Amino acid sequence: MTKIATRDAYGDALVALGKKRNDVVVLDADLSGSTKTGKFAKVFPDRFFNIGIAEQDMVGTAAGLSLAGKLPFASTFAVFATGRAWEQVRQSVCYPNLNVKIVASHAGITVGEDGGSHQSVEDIALMRVLPNMTVIVPADGPETSQAIEAVAEYKGPCYVRVGRNKVPTLFGEDYQFKIGKAHVFNEGKDAAIIACGIMVAEALAARDLLKAEGIDAGVINMSTIKPIDTGAIVAAAKRCGAIVTAEEHSIIGGLGGAVAEVLSESAPVPMVRIGVKDAFGTSGDQEGLMKHYGLTAGDIVAAVKEAIKKKKKD
Amino acid sequence: MPVTEEQLKTLKDKARNVRIDILKMLTECGSGHTGGSLSAADIATALYFSKMKYDPKKPDWKGRDNFILSKGHAAPLLYTVLAHAGFIEHAELCTLRKLGSRLQGHPDSKHVPGVEISTGSLGQGLSVANGLALAHKLDKAPNRVYVLLGDGELQEGQVWEAAMTSAHYKLDNLCALVDNNGLQIDGPVAKVMGVEPITDKFRAFGWAVQDVDGHDLEKILGALDKAETTKGKPSMIVCRTVKGKGSKCFEGRVEFHGTTPSKDELDAAMKELSEETVCK
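Taken in order, these protein sequences are the chains called A and B. So in my numbering, the last one in the first sequence is 314, and the numbering has no gaps at all. So in my numbering, the last one in the second sequence is 594, and the numbering has no gaps at all.
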């Protein structure tokens, strides 16, 4: 199985996009080596703007570039792009509804050793609450490339969340990403796992483990968190009667929150959320952190069984 | 280009009428920012009725100069000059801050032609102006970018991030102006959180800085001309102004930062400024 970090896929997608479109400009806040915008900077130095360690100014500058007809991609770590510069994203990007793309890397706890200050477990929630904002969390390299192309075509503010570490490639050449459209790997019968980002691979592993125990769990890749694919969620709830969400993010306000909103209003069924349980991150390696925060395939297996149990009680 | 006596007289009349309309709309509305709209009236008049290129029939015209009101609470001033410039109807000014109106308490670029970007949360306009200036440089376009900041607004850290960016990228197509009226909502700027010496600070940040009387149209225009010929650096014009300028009722009175004139105050002010009917 090939593995590629979604941030690397982003860097390559930017270069490809830059070759196709002259209006693409890229901004970074002194992390271009890490976010991989440095790849674009190397090929198109005139269209790359390093703003220094000043995320708020970076977002405002991106807004200005978009006003003049450019297509700006602004990148830094997720914790800074969505936290430090949140109000700039709100006032100067979302409120005027400008065509600015914020692509943030090193999201979630798998930043690893840098620790809690750098591990963004709130960014999906922070971006999702903003009117006009589209929020995308790609699961692998190919989906990231397609998501970057899609947000370039889409007119309006977008947030794309990418990660530091290599993740297994799940999608082949026949895959077609569409903003707002979930991808159903398999429908399942007993429960459906709705996942995003690096948790999609964990969900697929969990599905295989469950199958060996005679439990038929569906897996849905919900890469667009906003606008969320309500139809796919309701269909899964009606088909399986139990839902598990899985995200490398707080269980508050992210994918789990978004799915819970849909379920409670349109198709109430038992639900269990896998994610960081209202806590900050801590230093460690990826494997250790995934275990520590309960984000492994094994944790998803347990959550699916719990959801099914709740269903039977009802 | 130096202005003629006649042009100057026309501009002074314009500034007076802008002040009259600001006061009438604010009195009609009963809420809004009086002091900072009046203090910057001459600056906005110089920009909109002498300096800037734009086409009110085509607000998105590519060749236009850009103006960003970073101190978005002076929205009444912006709406008034946009009405005088022909972007919106004069009659619409009476709708300020009312439910369903395009004229929000702070400017909303989604709905008002001529408003480049929504502002209101302070400290963000200079960054946006930098983005526009960078884009014009990339396009090798002659458009100039103007941004108006408040002096209290300089307390926002983002302004100084942006000030570094303007100088770092040598944005000589950018001209920032500070409405240095010395008052903010909680009191004198010097008492709340001192920002002086503004000129020295921007010079140290790599800007070409001028210091002018912000109510002398000739001086403002001269400074804008000079800024246009300055190469390799962004320009800052610190405009020394009086908050509430135009009527003794409001001048230098901090309470008029965020409050509006009473009927009597409006009447008194109208005696000082010549009358031109806008809001009935």
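Treat the hints with care, since some could be wrong.
[What the hints assert, rightly or not] Derived coverage of chain B by chain A (criterion: at least 3 residues anywhere in the stretch with Cβ under 8 Å from a Cβ of chain A; other residues may be distant):
hint, region
1, 424-431
2, 445-457
3, 467-478
Simulated from the structure, these hints should not be mistaken for lab results. Fair warning: this is a prediction, and the values are worked out from it, not measured in the lab. Glycine included, C-beta positions come from ideal geometry on N, C-alpha and C.
Taking the hints in turn, this is what the structure says about them:
1. With 3 residues carrying a beta carbon less than 8 Å from a beta carbon of chain A, the region 424-431 of chain B meets the three-residue requirement, and the given coverage holds.
2. Counting residues of the region 445-457 of chain B whose beta carbon lies closer than 8 Å to any beta carbon of chain A gives 8, which meets the minimum of three for the stated coverage.
3. Under the rule that three or more residues need a Cβ within less than 8 Å of chain A, the assignment of the region 467-478 of chain B holds, with 5 such residues.
Hint compliance for this structure: every hint is met.
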